[in-house]
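Novice: Sequence order for the protein chains is U and W. Counting in our numbering, the first sequence runs from 36 upward without gaps. Counting in our numbering, the second sequence runs from 809 upward without gaps.
Just so you know, not all the hints are guaranteed correct.
[Claimed, not checked] Computed cross-link-like contacts, DSS-like style, restricted to lysine-lysine with a CA-CA straight-line distance of at most 27 Å:
{"hint": "1", "chain 1": "W", "residue 1": "878", "chain 2": "W", "residue 2": "864"}
{"hint": "2", "chain 1": "U", "residue 1": "76", "chain 2": "W", "residue 2": "878"}
{"hint": "3", "chain 1": "W", "residue 1": "878", "chain 2": "W", "residue 2": "914"}
{"hint": "4", "chain 1": "U", "residue 1": "90", "chain 2": "W", "residue 2": "878"}
{"hint": "5", "chain 1": "U", "residue 1": "76", "chain 2": "W", "residue 2": "914"}
{"hint": "6", "chain 1": "W", "residue 1": "834", "chain 2": "W", "residue 2": "864"}
{"hint": "7", "chain 1": "U", "residue 1": "90", "chain 2": "U", "residue 2": "76"}
{"hint": "8", "chain 1": "W", "residue 1": "834", "chain 2": "W", "residue 2": "877"}
{"hint": "9", "chain 1": "W", "residue 1": "864", "chain 2": "W", "residue 2": "877"}
[Claimed, not checked] Listing some non-contacts, in silico: residues in chain U with all C-beta distances to chain W over 12 Å:
{"hint": "10", "residue": "69"}
{"hint": "11", "residue": "81"}
{"hint": "12", "residue": "150"}
[Claimed, not checked] On the chain U side, residues computed to face chain W include the following (Cβ under 10 Å):
{"hint": "13", "residue": "48"}
{"hint": "14", "residue": "73"}
{"hint": "15", "residue": "74"}
{"hint": "16", "residue": "84"}
{"hint": "17", "residue": "88"}
{"hint": "18", "residue": "128"}
{"hint": "19", "residue": "139"}
{"hint": "20", "residue": "143"}
{"hint": "21", "residue": "148"}
It should be emphasised that the hints constitute simulated quantities derived from the structure, not laboratory data. Quantities reported herein were computed from a predicted structural model and do not represent experimental measurements. Every residue gets a Cβ at the ideal spot worked out from N, C-alpha and C, and that includes glycine.
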Amino acid sequence: GAVVSQHPSWVICKSGTSVKIECRSLDFQATTMFWYRQFPKQSLMLMATSNEGSKATYEQGVEKDKFLINHASLTLSTLTVTSAHPEDSSFYICSAGTSGNNEQFFGPGTRLTVL
Amino acid sequence: SQQGEEDPQALSIQEGENATMNCSYKTSINNLQWYRQNSGRGLVHLILIRSNEREKHSGRLRVTLDTSKKSSSLLITASRAADTASYFCALRSGGYQKVTFGTGTKLQVIP
Numbered sequence: 036g037a038v039v040s041q042h043p044s045w046v047i048c049k050s051g052t053s054v055k056i057e058c059r060s061l062d063f064q065a066t067t068m069f070w071y072r073q074f075p076k077q078s079l080m081l082m083a084t085s086n087e088g089s090k091a092t093y094e095q096g097v098e099k100d101k102f103l104i105n106h107a108s109l110t111l112s113t114l115t116v117t118s119a120h121p122e123d124s125s126f127y128i129c130s131a132g133t134s135g136n137n138e139q140f141f142g143p144g145t146r147l148t149v150l
Numbered sequence: 809s810q811q812g813e814e815d816p817q818a819l820s821i822q823e824g825e826n827a828t829m830n831c832s833y834k835t836s837i838n839n840l841q842w843y844r845q846n847s848g849r850g851l852v853h854l855i856l857i858r859s860n861e862r863e864k865h866s867g868r869l870r871v872t873l874d875t876s877k878k879s880s881s882l883l884i885t886a887s888r889a890a891d892t893a894s895y896f897c898a899l900r901s902g903g904y905q906k907v908t909f910g911t912g913t914k915l916q917v918i919p
């Protein structure tokens, strides 16, 4: 149980285009989903927290207009990188948790490469 | 939010040896978790230790937590080549569900 999937697993796009990444909790309802970014050889940095049906809370320094997060259902959250640039190339990882649960369940990650 | 500092940043050992990595933090926590990440892959949850616990075991893993020193250690005994990965501590503080990750230790186990 407690499986989280991400789609796509990798994506290559041209500079200026937008890319959508999906995060799904497959066998449980996720009241909260988190989006992280990991640059090569670095740790995971939290970008934003999203609760189902409400606006996401962004961490300091993360542009909410550039990284659009939608958490429309208890099993799906999406991250859209708008007008992507090469510096947005990174490994994006989502995680999902339920209310009152100490543990987060992580997706396998999406590698974004912007040319 | 705080980030854990891990040391060493990198560790290379022979198969069969024990590996110890440490995580230090600055403010109080609810719990501390350890994760493993193979290169370019997602995270695997290893173990969670609560702030009122001092030690936990899981197979070849042993985690300690010293809240007075604000530090935790992860010990992997009898290491195997398959243990080669990056290991991260993750801190949960306050009433928030979110966690913040440490800087990570890259472990290489040489067969």
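Novice: Run every hint past the structure and note whether it holds.
Specialist: The hints, checked one at a time:
{"no.": "1", "hint": "W:878 x W:864", "in the structure": "holds, 16 Å"}
{"no.": "2", "hint": "U:76 x W:878", "in the structure": "holds, 25 Å"}
{"no.": "3", "hint": "W:878 x W:914", "in the structure": "holds, 21 Å"}
{"no.": "4", "hint": "U:90 x W:878", "in the structure": "violated, 34 Å"}
{"no.": "5", "hint": "U:76 x W:914", "in the structure": "holds, 9 Å"}
{"no.": "6", "hint": "W:834 x W:864", "in the structure": "holds, 22 Å"}
{"no.": "7", "hint": "U:90 x U:76", "in the structure": "violated, 31 Å"}
{"no.": "8", "hint": "W:834 x W:877", "in the structure": "holds, 9 Å"}
{"no.": "9", "hint": "W:864 x W:877", "in the structure": "holds, 17 Å"}
{"no.": "10", "hint": "69", "in the structure": "violated, 6 Å"}
{"no.": "11", "hint": "81", "in the structure": "violated, 6 Å"}
{"no.": "12", "hint": "150", "in the structure": "holds, 19 Å"}
{"no.": "13", "hint": "48", "in the structure": "violated, 19 Å"}
{"no.": "14", "hint": "73", "in the structure": "holds, 9 Å"}
{"no.": "15", "hint": "74", "in the structure": "violated, 12 Å"}
{"no.": "16", "hint": "84", "in the structure": "holds, 5 Å"}
{"no.": "17", "hint": "88", "in the structure": "violated, 16 Å"}
{"no.": "18", "hint": "128", "in the structure": "holds, 6 Å"}
{"no.": "19", "hint": "139", "in the structure": "holds, 6 Å"}
{"no.": "20", "hint": "143", "in the structure": "holds, 4 Å"}
{"no.": "21", "hint": "148", "in the structure": "violated, 12 Å"}
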